[in-house]
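Undergrad: Chains A and B, in that order, are what the protein sequence lines are.
Following this note's numbering, the numbering of the first sequence begins with 185 at its first residue and continues without gaps.
Following this note's numbering, the numbering of the second sequence begins with 5 at its first residue and continues without gaps.
Rather than coming from a laboratory, the hints here were simulated on the basis of the structure.
The beta carbon of each residue, even a glycine, is placed where N, CA and C say it ideally should be.
Listed next, the stretches of chain B that the computed footprint assigns to chain A, with coverage defined by at least 3 CB atoms under 8 Å from CB atoms of chain A:
hint : region
1    : 73 to 81
2    : 100 to 108
No more than 30 Å apart at the CA atoms, straight line, and that leaves these computed lysine-lysine pairs for DSSO-like:
hint : chain 1 : residue 1 : chain 2 : residue 2
3    : A       : 255       : B       : 77
4    : B       : 27        : A       : 299
5    : B       : 27        : A       : 255
6    : B       : 77        : A       : 278
7    : A       : 295       : B       : 28
8    : A       : 341       : B       : 28
9    : B       : 77        : A       : 299
10   : B       : 28        : A       : 299
11   : B       : 77        : A       : 295
Okay, here's what each chain looks like letter by letter:
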Amino acid sequence: MDNKLLMDTAVLAGEILLTSGAETNRVEDTVNRILMTSELEKGEALAMSTGIFALLEDKNKVVTTSIRRVKRRETNLNNIYIVNNISRDFCSGKCTLLQAYDALAGIAQRKQYNKILLLLCFIVTSASFTLLFGGGVFECMVSAINGIIIFLIGLIKTRKDMNRLIVKMLQSLAMAVFTVLFINLLNLNINLETVIAGSIMALVPGVALTNSIRDLFHGDYLSGGARFIEAFVSVTFIAMGFGLGLLLGKIVFGGII
Amino acid sequence: MLIQIIGSFLAVVSLSVIFGVPKKFIIYSGIAGAVGQILYFLIISINGSQLIAVFAAALVVAFLAHIMARLFKAPVTVFLVPGIIPTVPGLDMYRAVYNLIVGQNSLAQQHMLLALKIAGMIALAIFIIDSLFGLKRTKKTAN
Numbered sequence: 185m186d187n188k189l190l191m192d193t194a195v196l197a198g199e200i201l202l203t204s205g206a207e208t209n210r211v212e213d214t215v216n217r218i219l220m221t222s223e224l225e226k227g228e229a230l231a232m233s234t235g236i237f238a239l240l241e242d243k244n245k246v247v248t249t250s251i252r253r254v255k256r257r258e259t260n261l262n263n264i265y266i267v268n269n270i271s272r273d274f275c276s277g278k279c280t281l282l283q284a285y286d287a288l289a290g291i292a293q294r295k296q297y298n299k300i301l302l303l304l305c306f307i308v309t310s311a312s313f314t315l316l317f318g319g320g321v322f323e324c325m326v327s328a329i330n331g332i333i334i335f336l337i338g339l340i341k342t343r344k345d346m347n348r349l350i351v352k353m354l355q356s357l358a359m360a361v362f363t364v365l366f367i368n369l370l371n372l373n374i375n376l377e378t379v380i381a382g383s384i385m386a387l388v389p390g391v392a393l394t395n396s397i398r399d400l401f402h403g404d405y406l407s408g409g410a411r412f413i414e415a416f417v418s419v420t421f422i423a424m425g426f427g428l429g430l431l432l433g434k435i436v437f438g439g440i441i
Numbered sequence: 005m006l007i008q009i010i011g012s013f014l015a016v017v018s019l020s021v022i023f024g025v026p027k028k029f030i031i032y033s034g035i036a037g038a039v040g041q042i043l044y045f046l047i048i049s050i051n052g053s054q055l056i057a058v059f060a061a062a063l064v065v066a067f068l069a070h071i072m073a074r075l076f077k078a079p080v081t082v083f084l085v086p087g088i089i090p091t092v093p094g095l096d097m098y099r100a101v102y103n104l105i106v107g108q109n110s111l112a113q114q115h116m117l118l119a120l121k122i123a124g125m126i127a128l129a130i131f132i133i134d135s136l137f138g139l140k141r142t143k144k145t146a147n
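Sequences are here, hints too, so could you generate the full structure?
TA: Shown next as structure tokens:
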């Protein structure tokens with residue numbers, strides 16, 4: 185068996201999992217399983233929230249190692265599902281190493297949902313959380329517009345490769361400024377609380393939150409702690425964003441926020 | 005009540021699309037989230053304790069996510085992440101920041117503490133379900 189290709193396949197699988205937002209435990213497990221299919225002396229993998237190290241050692245003590253630093257971080261649960269399936273098929277012998285590598289390399293170009301559907305989902309998310317927090321029809325309509333704003337600013341991130349935290353803060357800020365202006369300029373009798381609280385729910389770092397809990401539980405204190413800080417910092421930036429928006433409203437309209 | 009159930013189902017489904025859940029599982033993660041929210045609103049209307057309601061909702065969502073993951077041979081994260089979001093204390097976070105800006109610090113503290121408590125409850129629920137299913141797995145490998 186080709187050790188080099190096996191190593192590349194294992195590390196590529198790990199890299200896709202890590203960038204898509206899988207738990208560190210799953211990343212390590214997957215890389216280890218793929219490495220173990222070779223009947224060599226030793227196969228070890230170590231994954232952290234920022235990168236992967238993997239090692240293969242044969243009988244003559246010839247060692248193959250690979251290090252991959254992962255910088256990009258996004259959320260794509262579909263990629264996790266696909267990589268999981270590929271590694272399952274490969275480890276049970278249903279597909280060859282080359283097929284597995286090609287399948288993994290093909291994931292990167294894949295786009296799952298088109299932009300219009302995503303826009304629609306941001307609108308529905310904002311509006312329905314406003315509904316859940318006790319908002320009426322008008323509140324839902326305003327937060328639907330907020331959903332559009334959040335989506336449009338999110339597009340900048342994919343084009344310009346900006347810092348994710350700054351983008352989150354901008355989304356939250358723009359949404360709050362729009363809401364405050366809209367309500368105060370048109371003099372509408374709308375509950376600001378349900379609109380803004382409903383709109384920020386689309387920005388909540390759900391993956392970082394759940395993964396930090398699950399990583400800590402598995403004993404991965406390094407990754408779990410890192411994820412926890414990521415979630416906390418994200419929430420702080422979101423809070424700063426709409427806080428600034430509210431403050432602006434308070435200064436311009438004099439306390440009526 | 006019916007409106008809230010439909011609202012939570014729609015919210016979880018659209019969040020699933022944003023997080024990129026595979027097409028065939030979207031409906032299931034929506035169901036998991038909606039069941040959690042139904043329980044949440046039921047407990048709120050009976051007991052009134054938000055902490056217990058969040059704990060129960062997170063518990064049910066995590067349990068359903070583990071069951072579905074085993075049924076469909078998919079990672080638990082796929083069902084867990086969108087389902088758990090509606091329990092996240094967004095409203096209390098907003099109130100904390102709002103009161104901070106208005107200048108009512110004690111109210112801000114109160115809501116901040118409540119938000120932290122709710123987050124702790126979610127963590128506890130995920131811990132419990134994860135360890136329950138972990139127990140089952142170690143038993144199987146021992147045999």
